[in-house]
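4 protein chains.
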Amino acid sequence: MKDIIVQPASGKLGILMPGMGAVATTFVAGVLASRKGIAQPTGSLTQTANIRLGKRTDNRNPKIKDFVPLANLNDLVFGGWDVYADSMYDAAVNAGVLERGLIELVKDELETIKPMKAVFDKRYVKNLDGTNVKTAATKHELVEALLEDIENFKIANDCERLVMVWCGSTEIYHEAKEVHASLANFEAGLLNNDPDIAPSMMYAYAALKSNVPFAMGAPNLCLDIPALEELAKLTETPIAGKDFKTGQTLMKTIVAPGLRARALGVRGWFSTNILGNRDGLVLDAPENFKTKEVSKGNVLDGILDANINPELYGDIHHKVRIEYYPPLGDNKEGWDNIDIFGWLGYQMQIKINFLCRDSILAAPIVLDLALFLDLAKRAQLSGIQEWLSFYWKAPQTLPELEPVHDIFKQLEKLENTLRYLMGEELINNLGMDYYEDVDQEIEA
Amino acid sequence: MKDIIVQPASGKLGILMPGMGAVATTFVAGVLASRKGIAQPTGSLTQTANIRLGKRTDNRNPKIKDFVPLANLNDLVFGGWDVYADSMYDAAVNAGVLERGLIELVKDELETIKPMKAVFDKRYVKNLDGTNVKTAATKHELVEALLEDIENFKIANDCERLVMVWCGSTEIYHEAKEVHASLANFEAGLLNNDPDIAPSMMYAYAALKSNVPFAMGAPNLCLDIPALEELAKLTETPIAGKDFKTGQTLMKTIVAPGLRARALGVRGWFSTNILGNRDGLVLDAPENFKTKEVSKGNVLDGILDANINPELYGDIHHKVRIEYYPPLGDNKEGWDNIDIFGWLGYQMQIKINFLCRDSILAAPIVLDLALFLDLAKRAQLSGIQEWLSFYWKAPQTLPELEPVHDIFKQLEKLENTLRYLMGEELINNLGMDYYEDVDQEIEA
Amino acid sequence: MKDIIVQPASGKLGILMPGMGAVATTFVAGVLASRKGIAQPTGSLTQTANIRLGKRTDNRNPKIKDFVPLANLNDLVFGGWDVYADSMYDAAVNAGVLERGLIELVKDELETIKPMKAVFDKRYVKNLDGTNVKTAATKHELVEALLEDIENFKIANDCERLVMVWCGSTEIYHEAKEVHASLANFEAGLLNNDPDIAPSMMYAYAALKSNVPFAMGAPNLCLDIPALEELAKLTETPIAGKDFKTGQTLMKTIVAPGLRARALGVRGWFSTNILGNRDGLVLDAPENFKTKEVSKGNVLDGILDANINPELYGDIHHKVRIEYYPPLGDNKEGWDNIDIFGWLGYQMQIKINFLCRDSILAAPIVLDLALFLDLAKRAQLSGIQEWLSFYWKAPQTLPELEPVHDIFKQLEKLENTLRYLMGEELINNLGMDYYEDVDQEIEA
Amino acid sequence: MKDIIVQPASGKLGILMPGMGAVATTFVAGVLASRKGIAQPTGSLTQTANIRLGKRTDNRNPKIKDFVPLANLNDLVFGGWDVYADSMYDAAVNAGVLERGLIELVKDELETIKPMKAVFDKRYVKNLDGTNVKTAATKHELVEALLEDIENFKIANDCERLVMVWCGSTEIYHEAKEVHASLANFEAGLLNNDPDIAPSMMYAYAALKSNVPFAMGAPNLCLDIPALEELAKLTETPIAGKDFKTGQTLMKTIVAPGLRARALGVRGWFSTNILGNRDGLVLDAPENFKTKEVSKGNVLDGILDANINPELYGDIHHKVRIEYYPPLGDNKEGWDNIDIFGWLGYQMQIKINFLCRDSILAAPIVLDLALFLDLAKRAQLSGIQEWLSFYWKAPQTLPELEPVHDIFKQLEKLENTLRYLMGEELINNLGMDYYEDVDQEIEA
Ligand SMILES: NC(=O)c1ccc[n+]([C@@H]2O[C@H](COP(=O)([O-])OP(=O)(O)OC[C@H]3O[C@@H](n4cnc5c(N)ncnc54)[C@H](O)[C@@H]3O)[C@@H](O)[C@H]2O)c1
Ligand SMILES: NC(=O)c1ccc[n+]([C@@H]2O[C@H](COP(=O)([O-])OP(=O)(O)OC[C@H]3O[C@@H](n4cnc5c(N)ncnc54)[C@H](O)[C@@H]3O)[C@@H](O)[C@H]2O)c1
Ligand SMILES: NC(=O)c1ccc[n+]([C@@H]2O[C@H](COP(=O)([O-])OP(=O)(O)OC[C@H]3O[C@@H](n4cnc5c(N)ncnc54)[C@H](O)[C@@H]3O)[C@@H](O)[C@H]2O)c1
Ligand SMILES: NC(=O)c1ccc[n+]([C@@H]2O[C@H](COP(=O)([O-])OP(=O)(O)OC[C@H]3O[C@@H](n4cnc5c(N)ncnc54)[C@H](O)[C@@H]3O)[C@@H](O)[C@H]2O)c1
Ligand code: NA
Ligand code: NA
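Protein chains in written order, with our numbering: chain A, 175 to 618; chain B, 175 to 618; chain C, 175 to 618; chain D, 175 to 618.
Keep in mind that the hints were calculated from the coordinates and are not lab data. You may find that some hints are simply not true.
Same chains, same names: a pair is fine if it fits in one copy or spans any two.
Said to hold, decoys possible - Straight-line C-alpha distance at most 25 Å; calculated DMTMM-like pairs for lysine to aspartate or glutamate:
#1 K308 - E318
#2 K525 - D264
#3 K407 - D489
#4 K525 - E278
#5 K210 - E485
#6 K351 - E318
#7 K239 - D249
#8 K229 - D475
#9 K229 - E574
#10 K237 - E576
#11 K383 - D282
#12 K229 - E598
#13 K308 - D260
#14 K237 - E485
#15 K525 - E497
#16 K229 - E485
#17 K525 - E467
#18 K239 - D489
#19 K239 - E599
#20 K493 - D458
#21 K229 - E599
#22 K407 - E315
#23 K210 - D489
#24 K186 - E485
#25 K229 - D240
#26 K229 - D479
#27 K229 - D177
#28 K239 - E485
#29 K493 - E461
#30 K229 - E576
With the rest of the complex left out, here is chain A:
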């Protein structure tokens, strides 16, 4: 086993967010409330989950935050950009996710957090109209401005380290082109205003240039281009993406592995979502919806592998719908119908109705990603962080690897990575040694 030295998490950690809407404000308000002891950061692995170490009978199950050296909630500082100039307090009230009473209790701190001017391009987000926007002659100059914002924020807030987590809107669907194929091309494109460089890519570029780890919360193309992967390796900065795994897709990557586990066949999976928040409004534009649809569409393929088992998974009708339905507000509702078959081809159905809350599920992911990416940086990990696949609808991996969507394999990878970083034995659930005299260490 390699010897890994993880630097301590001393000093302040700044968390920068392009996009300060429902998810970002729910995240920040929640951290502030948790710090005050008003509420619990439930749903965050870094704060509330335990990790088993050693044998089952050892009873060693520390909290993750007591096992790996993570930044403390008290050391976090928040900042970001948005096309609307509202403070985080106003934005939280508008988002309508949290009860007014709770927001008021952290109003003072929220009010001081004001978005910097955004890099924005309406062609990439059809249904928004904000005016808190940078203007410049070239994309290169916009990036320069972001670099300055980052530097200024770090100094002003006395931060030791920074991470950046995209909480901005979903951009329209576009595919990688020549301009994305190498860092050189990309930088040329910045200079000559290439239309295929999306705003989110400029934030990511600025982050990586500044040695700041970057995570992509939306399904945007952004990080998934050779240019930025190259830059991440060059500056030894961790990156991870994309599209926070919440709601229906979360359920899908829980249930599908279960069907595969029992070798049950799948004929069809119909999923519809109804939601009424600003994110829903953005996704009401077909080109933006396409980006989300593609991101959501692949999760089954990775789990129910038609190549390996065509009899069971070779002919699945998978259809995903997202419907803007204002009565729900930030509550999202998923309805799934799953057509399965078992012994002798007999058919069965599973119907799942998930009455969830989007931003409530996303906020702890923002926290975990910020803390884990900061950990990765301190552990000298760089480039794509596949061990964070757990958090993504469309996990970024090396080009030659298929992403793993099974949430349980993702979790095992995450946990074993933490054990590995801390020099603990890995766990593989064999457990023969409880029952037999075996001359090996591996257990379960």
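Given the structure of chain A, go ahead and fit chains B, C and D with the ligands onto it with the hints provided.
Quick look at chains B, C and D with the ligands alone, frame taken from chain A:
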């Protein structure tokens, strides 16, 4: 790693079933139909699942049956006991699980399988009245008769090896007493007709005495007593139990690990089942229902561990109901309402409606257990087979171990056991080596 | 058409409630809030529904309260009895139905409403322990005390008229006996403390003796006995019951008429309810549940009439379950599975999940019943008010009549009764005159 | 009351169907099977429903077919047109609605029913390609050919009377134009091949010209134009439409009246449908889906009337989706989420999952419409038959009348029309006479 020699699966394997009702007939008819190529044994890991070997990029995913030496479907022979004298053909028609057309195609073979006289005691199964029943002065004599049945069956059918899988009814709830505390006590109890020795225990005793592996498909106490664990060790015979994991409990051990994975809290889980078959009728008697209820009731505790994480799982209202509702016939329907909470305590709900078919889900389990127990025997494994936990609502383990209910950990244990038996590398999903230069073998 | 003179609704109307728990406080707080214009009394026919008059093309659709002379919300005064001494403010907070913020806005008025000492008998309600209870040597004396309470309340509050609506707990199941068979027997029973005279019957007796209309919100036997029917006729006082029709039963009497309308057959109807309030706790006692079960069990029979149409409705498996499940609080959830069949016997299913709020659905019923019973009294209607069937799970009718459960027939009866009282043409939806020259008035 | 003479239903009645797909074959096979006593025509009012006559206590509830003079099932003859030349036997097998075993039992009769060449225009149905199609220089000539088909069929099958029920595909959405504004314009359009005259209009024109009542089972514009209403009046022929009310819309017109009955407010109604048959394939084309969407979209407006009650129904988000999802085949599944509010604005939700079978629900409607339109003709009713609104998603009415969508008002209208035709007292559910001495006849 220990050197394990697995004996080859040559010759015929006899599968003996106490109880030849819905599950047993669906199993046998299905194997016969599969042998003829009329239908597929979907849902059986031994027949249709693949197992990954080596690195992800190796693309080695053989079918399990091509990886470990299992008895071939063509080498199986079937027999058993029932309190009703119907042939397997008549029993299959009565069960109403399979379409008549399919049954007719294997009628000839099904008709030849006639149940031997059962060891039965109406006190243990209130709602049944069968007459195909052995009579004898003592339980000892009943066991003698079973031993003879077993021996005769083996000879008559020219079997190399046998396994026994209980597919009989759920017996009333009772707890382990003095008579169950040791093999000596138990054998004394057989002689003096101790009322606490249930019929299913006599079948198990006879099996183990004959070196025949035994699996307990119902939630009966049966194997869970020191007397029989002692006998299994003594005769070096594998045992496994109890209560086939199908339907709602299957879903529960899929979904609960997913909630725990994301560190979501759980406030309540309400489960109701409606079913209309003979099993439902038996469970309509409160004392028999109790046995099932206890078996179903613990699955959450093992997964959502209140000891380790009391904030999230310390106050769960878990309620399970089973309702006899004739319109459904053998179709069973589960409805679950799950009350969860996330970030800052915000509440959400998941509702799952599973339109399943009980015997269709149970039949492939009978097949897998028969083949895997036979494999275990040939691999010199004996006593409790915890690696088969995957198949059980209430997995039998060493007294000092908590059972693992998480179906994904159960599957990993099962698969790693197979890899271990065949001398293949274990899998733990770390996969660091894809991304870094690591001087170790472990991967994902 | 008979000439009916409806007395005007002048002066104050006192509404007396035995039982001041979730329903009663939600009702009173809601009326107070509506009076202040803070919220709307939605779900109340008297306040928010319209009634069509004349031909469809006449466009005459007044609000019911503008059509018939009802007491005005501003003229209502509230009082009652409970075994707990909490004021209505404290009781409302405990009930946990309404948001605290709303309750605070009507706190002043709620606080002044304190329950009088109750007539209570723990044998009739197993799971309650209150001490705000009257004691006396005989049931006769208890009734005397109630009569005094009524008189005192009327004077103290300067009321013109009173009505009484039982909002107390469900009593245990019992059947009518000799003591209930006539008014004479009943009055003898009061004197000699007959154990079969339930507390609710004493309230009803006292009300009728005082010429106060009485409605029975629980499924208690109470009004359904010859003794009290006799007294109602004698004192010319309207009565109506029983068991407020809310939640799942409401849905059932909506959906079942629809199935019958299309002549679809029904094989089974499985209903389960989960609820977590004090009402749920009371119903957790089997003897109290029985009362509710019987009340809920008959609604289908009246709608899906097996006598008239045995092919479609002769063999329905109807099962109703109520489960106490604390995580839901006052939110109640119903899940229905309906097995139907159509053309050539082909089977279909309907599943309904109703996420409802019990007291929110019941409160407007209390209001409507109070106002309509007061109207009935002023219109010289007396005895059983079948036209109020609309509000009941188990509508009281003349012994020789089968109750009508179809909510649409109930509504038509209610509306046509109002039209009839006001001398308006009845509506029968024929409407031939729009299309043809017909020499009649009746239309639709 | 007008004196109505209904001619007897003597001789054979021919039922002509343009479109012989799933619905038509399920209808015909079902009538044939019913005639043989193999199966029951459940879901048909004419065959299986009862109608109450007189007072509740009279116990007069004859079957409708025993009350009004309808054609007997044994006197029906079937024919029609389709763009595919398959016999009804082949079409029934292809449709996949009925079990093969049942179809075989009526194979002989089904095989003899072969479709005549269709009047077809691919512009109106994008996703079909059939070749069994008439060709002619003008639409006028196509109509001539249809007139001949009708006449020939009547003679060849020795029919006394005919009716025509459109069971063909949904045509694209188009609106009424000048050519539809009068019979004269329409006939000119036939001569000069006006592109706005859809195939279904030509069938309807031919039927009316031949004095054959016509019903429009699809949501096609067809009958809803002045030209054809004029022709119907001219030839004294009954017409009725449009779009068979089955599945989700059926449920909607059952549940919505229930919400309105209780004065519950509605904030949103989201409906999605998944279906996998040929009808689903046709509706997969956006222009054809639009026709269906419009037809389905209005049912709520009529029931939850925002004009009359804007507080409750003034702001409803109503969204309807239809999704082509092949795994379901002819099984259709609807999922509805209904957001309602009650007392003080508190919110609740209803979720309905309807696992239905489209053609099974539609077939009895075809039968009822055929028999009732024939009855109407014999009772000298002509033009729009609003009393048949019960069967339609978008009932045709006089231009000055709003359609009634409430299925219970529709049923009452239908039943009172039958009572009216037979000189029986109408029913309005008042029922005062049971309880009082009233000097009137009307009761309930
Ligand atoms: N909430 C979830 O469960 C979830 C799950 C997966 C992904 N996501 C994604 O997370 C993102 C945030 O979701 P949300 O609910 O907070 O949405 P939101 O609409 O409330 O917030 C997004 C914010 O980003 C801002 N923005 C857009 N473009 C920007 C730019 N170029 N620079 C700076 N700010 C910009 C918008 O003005 C808005 O305030 C969305 O892309 C969403 O698709 C959310
Ligand atoms: N089907 C499932 O999904 C499932 C899941 C878990 C457990 N189980 C258990 O499997 C068992 C079989 O289920 P099933 O649906 O086939 O039930 P079943 O009632 O159709 O068959 C059980 C048979 O066992 C026979 N029997 C009872 N006592 C016996 C005895 N002492 N000796 C011999 N025969 C005896 C009965 O006569 C009956 O024919 C039940 O205990 C059930 O609880 C089934
Ligand atoms: N909420 C609904 O949807 C609904 C529907 C139908 C019927 N009901 C019935 O309405 C009644 C009230 O429901 P709730 O939710 O308000 O229940 P609750 O338990 O909150 O209130 C009932 C109150 O009655 C009091 N009580 C019991 N016996 C009494 C007596 N003899 N004299 C005076 N007070 C007495 C109890 O102390 C309690 O405070 C119950 O019987 C319930 O079954 C309610
Ligand atoms: N099944 C239901 O529940 C339901 C409900 C409401 C309306 N409908 C409508 O009823 C119609 C029939 O439904 P289905 O399921 O039988 O569909 P289907 O596709 O199985 O059958 C329709 C048939 O009409 C034929 N056709 C199309 N255009 C024609 C033309 N111009 N002349 C003659 N034949 C023509 C097609 O070839 C096809 O065979 C559809 O319009 C459908 O929208 C069905
Ligand atoms: Na154990
Ligand atoms: Na109209």
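Here is how each hint holds up against the structure:
1. For the homomeric pair K308 and E318, the shortest alpha-carbon distance inside one copy (11 Å) is at most 25 Å, but the shortest distance between copies (71 Å) is not.
2. Neither within a single protomer nor between protomers do K525 and D264 lie at most 25 Å apart by alpha-carbon distance, with minima of 38 Å and 34 Å respectively.
3. Taking the shortest Cα distances, K407 and D489 never come within 25 Å of each other, neither inside one copy (39 Å) nor across copies (47 Å).
4. Taking identical chains as interchangeable, the C-alpha atoms of K525 and E278 are never at most 25 Å apart, the minima being 39 Å within one chain and 33 Å between chains.
5. Within a single copy, K210 and E485 get their C-alpha atoms only as close as 55 Å, which misses the 25 Å cut-off; across copies the closest is 17 Å, which meets it.
6. For a Cα distance limit of 25 Å, the shortest separation of K351 from E318 inside one copy, 23 Å, qualifies, whereas the shortest one across copies, 60 Å, does not.
7. In this assembly of identical chains, the alpha carbons of K239 and D249 lie at most 25 Å apart only when taken from the same copy (14 Å versus 55 Å across copies).
8. With identical chains, the CA atoms of K229 and D475 are at most 25 Å apart between copies only, with a shortest distance of 19 Å across copies and 34 Å within one.
9. In this assembly of identical chains, K229 and E574 lie within 25 Å of each other by CA distance solely across copies; the values are 13 Å between and 35 Å within a copy.
10. Only between protomers do K237 and E576 lie at most 25 Å apart by alpha-carbon distance; the minimum there is 20 Å, versus 31 Å within a single protomer.
11. In this assembly of identical chains, the alpha carbons of K383 and D282 never lie at most 25 Å apart, being 33 Å within a copy and 63 Å across copies at closest.
12. With identical chains, the CA atoms of K229 and E598 are at most 25 Å apart both within one copy (11 Å) and between copies (22 Å).
13. Taking the shortest Cα distances, K308 and D260 sit within 25 Å of each other inside one copy (16 Å), while across copies they are farther apart (61 Å).
14. Within a single copy, K237 and E485 get their C-alpha atoms only as close as 42 Å, which misses the 25 Å cut-off; across copies the closest is 12 Å, which meets it.
15. In this assembly of identical chains, the alpha carbons of K525 and E497 lie at most 25 Å apart whether taken from the same copy (18 Å) or from different copies (16 Å).
16. In this assembly of identical chains, K229 and E485 lie within 25 Å of each other by CA distance solely across copies; the values are 24 Å between and 38 Å within a copy.
17. Taking the closest pair of Cα atoms, K525 and E467 come within 25 Å of each other both inside a single copy (21 Å) and across two copies (24 Å).
18. With identical chains, the CA atoms of K239 and D489 are at most 25 Å apart between copies only, with a shortest distance of 23 Å across copies and 43 Å within one.
19. Taking the shortest alpha-carbon separations for K239 and E599, only the intra-copy value of 18 Å comes in at or below 25 Å, while the best inter-copy value is 31 Å.
20. Proximity of K493 and D458 under a CA criterion of 25 Å is satisfied in both settings, with 17 Å inside one chain copy and 14 Å between copies.
21. In this assembly of identical chains, K229 and E599 lie within 25 Å of each other by CA distance both inside one copy and across copies; the values are 9 Å within and 19 Å between.
22. For a Cα distance limit of 25 Å, the shortest separation of K407 from E315 inside one copy, 24 Å, qualifies, whereas the shortest one across copies, 76 Å, does not.
23. Taking CA atoms no more than 25 Å apart as the test, K210 paired with D489 passes between copies only; the shortest distance there is 24 Å, against 52 Å inside one copy.
24. With identical chains, the CA atoms of K186 and E485 are never at most 25 Å apart, being 54 Å at best within one copy and 28 Å at best between copies.
25. Taking CA atoms no more than 25 Å apart as the test, K229 paired with D240 passes inside one copy only; the shortest distance there is 19 Å, against 32 Å between copies.
26. Taking identical chains as interchangeable, the C-alpha atoms of K229 and D479 lie at most 25 Å apart only when they sit on different chains, with a minimum of 16 Å there against 32 Å within one chain.
27. Taking the shortest alpha-carbon separations for K229 and D177, both the intra-copy value of 23 Å and the inter-copy value of 23 Å come in at or below 25 Å.
28. Taking identical chains as interchangeable, the C-alpha atoms of K239 and E485 lie at most 25 Å apart only when they sit on different chains, with a minimum of 16 Å there against 44 Å within one chain.
29. Taking the shortest Cα distances, K493 and E461 sit within 25 Å of each other both inside one copy (17 Å) and across copies (21 Å).
30. When the C-alpha separation of K229 and E576 is checked against a cutoff of 25 Å, the pair qualifies only between copies, where the shortest distance is 12 Å, while the shortest distance within a copy is 31 Å.
In summary, the structure is inconsistent with hints 2, 3, 4, 11 and 24 from the numbered list given earlier, while agreeing with the others.
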